[in-house]
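K.L.:
Chains as they are written, first to last, in my numbering: chain A, 61 to 242; chain B, 24 to 124.
In short, the hints are calculated from the structure, not lab data. Hints are not guaranteed to be accurate.
[Claimed, not checked] Derived DMTMM-like pairs (lysine to aspartate or glutamate); straight-line CA-CA distance at most 20 Å: (1) A:Lys-239 / A:Asp-139; (2) A:Lys-212 / B:Asp-81; (3) B:Lys-77 / A:Glu-172; (4) B:Lys-77 / A:Asp-139; (5) B:Lys-110 / A:Asp-139; (6) B:Lys-110 / A:Glu-172; (7) B:Lys-123 / A:Glu-172; (8) B:Lys-77 / B:Glu-25; (9) A:Lys-213 / B:Asp-81.
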Amino acid sequence: MEGTLFNLFASLAVLSALLVVVNPLSRNPVTSAMFLVTTMISISGLFVLLGAYFLAAVQILVYAGAVMVLFLFVIMLLDIQETARRKLNLVSLAMGLLAVGALFLVYKSSIETTYGDQTEHHEAAADSALVEAIPPKVGSTQALGQALFSAKKGFILPFEIISVLLLVAMVGVILLSRKEPR
Amino acid sequence: MEPTLSQYLLVSGALFAIGLLGVIVRRNLLIIYMSLELMLNAANVALVAMSHFKGNLDGQVMVFFIITVAAAEVSVGLALIVALYRKRQTADVEDLATMKL
């Protein structure tokens, strides 16, 4: 069951991410934004499979909700004309594909070396034993809140700094998008 | 059958590679920005997977902070794109090759 769901969400995420970047049918930014929403929802599905329920909810609220609305708003505000399709720079396309493919292969082979086949079962068993030893801790919203705000090992100072950062971002955005006074 | 940690890391790596491809290949500023979001989310998947399989909540806390910073970053970046578009009437990076506005 879990494996099926993982396959579903993972393939959906990767497929729609590909459609965000290289969509053969449409070069409209709105289409890309819609496929980005699909990617975000599949990623939050992966979070649910990993037991991170709070983060899954936050992912949908913040990304599929707020961020994508902002993106669509800006796309429609700018109202970019479908520019005459420029000649695709084949050299840069080939180089980009080559570099990214090589990077991914390096990453893949390093994962395979680290979690190789013979150790995989052993490791997975040890990991699941570890997870089962502390079942209520990982994932539940209460545990996450305690990890965030506990007085001894918490993240209270970063939390406050984040709130200041949000305030700074808000002021900066208002300043940037204001019409220049004449 | 429960998926393993390496499978999750592979998905995360694939998403990151696709995002990087978008940043390199596409010329539309908005799509480059969406690809950046994709890369951030790939990192989030890797962190949550690590947190789950190692039984340590610090990864999830970090993802919480990353989501917050990403939201702030998106708003500032989109405001910059809007301001740029007002000055230059274009969102194509090849038209934005000079440092002078």
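K.L.:
For every hint, state whether the structure bears it out.
P.N.:
Structure-based check of each hint:
no. : hint                  : result
1   : A:Lys-239 / A:Asp-139 : holds, 18 Å
2   : A:Lys-212 / B:Asp-81  : holds, 14 Å
3   : B:Lys-77 / A:Glu-172  : holds, 18 Å
4   : B:Lys-77 / A:Asp-139  : violated, 47 Å
5   : B:Lys-110 / A:Asp-139 : holds, 15 Å
6   : B:Lys-110 / A:Glu-172 : violated, 49 Å
7   : B:Lys-123 / A:Glu-172 : violated, 47 Å
8   : B:Lys-77 / B:Glu-25   : holds, 15 Å
9   : A:Lys-213 / B:Asp-81  : holds, 10 Å
The structure fails hints 4, 6 and 7 (numbered hints given earlier, in ascending order).
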